[in-house]
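Undergrad: Each chain, letter by letter, is given below.
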Amino acid sequence: MAFKHILMREIKAFIKNPAFILMIVLMVVFYGGLGQLFSHASQEAVKEALTQNIGIILLDENDLAKEILIYANKTLGGRIFCVSNMSDALNKYGIVIIIPENFTESLLSNKTFVISFNSTVAIDRFSLTASAKTAILEIFINTIQDAYRNIIISKYGLDPSLLNKKLTSNTIVKIGENYLSMGEFNTIASIGMSFLMILAIVIAINASNAVNFMAIEKVEKAFELLLAQPIPRRTIVLGKLVASVIASIIMGGAYIIGLLLMIGGMSSEFPATSTSVSEPNSGVNALIQLIGTNGIILMAVSLVLGLIYTGALGIILGSLVSDQRMAGVMVAPVMFLFMGLAFTSFIMGLELNTITSIWVGATIVNLPIYIVYALMSGSYELILVAYGSAAICTITLIGLAVWIFNKDIVVLGLRFEKKSLLGRK
Amino acid sequence: MYDNYAVYVENLVKIYGKGNVGIDGLSFTINPGEVYGLIGPNGSGKTTTLRILATLIKPTSGKAFIFGVDVTKDPLRIRKMINYLPEEAGAYRDLTGMDFIKFMLALRFRGEELNKAIDEAVQISDLGPKVFKPIRGYSKGMKRILALSVVLASKPKLLILDEPTTGLDVEKSLYVRNLIRKYNQEYGVTVLLSSHNMLEVEYLCQRVGMIYKGRIIAEGSIEDLKTKTNSRNLEEVFIKITREASY
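Chains as they are written, first to last, in the working numbering: chain D, -12 to 412; chain U, 252 to 498.
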């Protein structure tokens, strides 16, 4: 009997907690939305893979090479186009494969076992679609492999041992004016994603810490005593802000060191695939070399800016709460918002243009990664736009935090009444 | 005119969201060096009044001056002259008592003045070696006296105390009352306090304002109020006046 009463009391407590209800709603909305987004992006990626045209620079004049290409073209639904100029072909098709001069010779040689193509893929952003674009090469190589096997057996009746050749592609990925090996691209894509998620977590936790610290201060009943002291409210805001940034930098530093240790501890070589020959995993070094010292400094500045931004946001939310229960209500949407923004940019990619720059600056969480992409593309004016947008939003949030600190609400807290929440008394 | 009073409040109104009235045309004055008690039932507007005077919240309308300075126009100057002990004020649980004293007083003082204030607060807190222990291990009474110690050691011109002895045992309550009296008499600190403890108010206050539904319904010295209502003590005064007001 007593157990029943205790159980009912506990259930009532969390059912009546707005944070609990809000979390349930957000979980459904967030993951439902994320699923839709993934589905849409995957469909786009598949669509891209099925419709992507491929430019071929054919250096081998032999008939066998031409026959293989004709066969492959039929198999791929007429998506192969012969071109002569790499630059134009990249602009037009996005994927260009060079069939080497000695292709036929290598196919028919008993001494050659691996045949490599040089290929270039142009992408404008890191995303699922960009990854799909690089995967198309795999499809092409497999098609060529099928084509030459069929032609050799059916038409030429050649030695079956010739079929044991492996076709690979030395792929270069072009992003803006930068050229990356496939290994570097994969590394940067995976590290970029890891960094993106860590930054999103750190930034989101920074905001949630700021909210919770203020809630605890209010619950401990020391807050009003502090507000009655002869110090400007902006001093309190700035003190709390800088403290939350320092705490998050320490925490973020630990996360990033952990990530680097994890990458360092992983296999030092990429497994050989048809589209990426085995090459050393330069890992973080590749990223560092690619973005340079300036890039690292810009990333760090972006991170600090992001922490100031979310710290100010956390202080604003913290000034509205009256206790930790309300802090939970405030923190949940913030966490989901930042995580959602990070996921969305991973799935959809960050296109380099002015509007995205303003958006990334205003929503802050993707700023460090966007800056890296912009730097790699040589889009320096977009970096300035993104920083400008981030700086304006951050200063606005700090100003808003100071303004709220001078209002009654910082003492009284935001109160949700049942009538306004549920529409009834 | 306002300079002549430690506190000058005229027709002060505070309306919260959804039209909830906190105080409704409140007026009273406190003379420099006086201990003034604000008494009234729960929800009558005592804490709202003290919060406005401590510059924590802003009035909707009306006048409020402390030593001639408008609380709405120059809150920072007001905060230099006052100190405020909120109802149930606690302290940061992660700090030691000593760290809390240093932190709070460093917001007001520097150098030798700070050191003197710290020594004084440590003495007032009466925590002994426990002052170096984390506050999370303190009892409610210890936390309350610790908070009071920094407020008193700052020796403000006006001390605003919201129910200073709530939750304290008899011995601690007496200790706090004696401290308030000492700082009033020795250092000339003007005191505005709210309390539900009529014994305490009788012991400490020279004058009392009785607040009901956001208005002062009776004011005067304790003896005057007793005489006017033909009461033996302040509790009786309180009951008679509030009953009369509720009809």
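To be clear, the hints were calculated from the coordinates, so they are not data collected in a lab.
By construction, the Cβ of each residue, glycine as well, lies at the ideal position given by its N, Cα and C atoms.
Be aware that one or more of the hints could be misleading.
Calculated cross-link-like contacts (lysine-lysine; reagent style PhoX-like; alpha-carbon spacing at most 25 Å) [unchecked claim]:
| no. | chain 1 | residue 1 | chain 2 | residue 2 |
| --- | --- | --- | --- | --- |
| 1 | U | K331 | D | K208 |
| 2 | D | K208 | U | K353 |
| 3 | D | K394 | U | K384 |
| 4 | U | K391 | D | K394 |
| 5 | D | K208 | U | K408 |
| 6 | D | K394 | U | K381 |
| 7 | U | K314 | D | K208 |
| 8 | U | K331 | D | K394 |
| 9 | D | K208 | U | K423 |
| 10 | U | K464 | D | K394 |
| 11 | U | K477 | D | K208 |
| 12 | U | K477 | U | K464 |
| 13 | D | K208 | U | K309 |
| 14 | U | K309 | D | K394 |
| 15 | U | K384 | D | K208 |
| 16 | D | K208 | U | K391 |
| 17 | U | K464 | U | K269 |
Computed, partial: chain D to chain U, Cβ under 7 Å [what the hints assert, rightly or not]:
| no. | residue |
| --- | --- |
| 18 | E54 |
| 19 | E164 |
| 20 | E207 |
| 21 | K208 |
| 22 | A209 |
| 23 | A215 |
| 24 | P217 |
| 25 | Q276 |
| 26 | I283 |
| 27 | I391 |
| 28 | I396 |
| 29 | V398 |
If we take Cβ atoms under 10 Å as the criterion, some of the chain D residues that face chain U in the derived model are [to be verified]:
| no. | residue |
| --- | --- |
| 30 | H27 |
| 31 | E31 |
| 32 | A32 |
| 33 | K61 |
| 34 | S71 |
| 35 | M73 |
| 36 | L212 |
| 37 | L214 |
| 38 | E338 |
| 39 | T341 |
| 40 | I342 |
Undergrad: Tell me, in ascending order, the numbers of any earlier hints that this structure violates.
TA: 3, 4, 6, 7, 11, 18, 19, 25, 26, 27, 28, 30, 31, 32, 33, 34, 35, 38, 39 and 40
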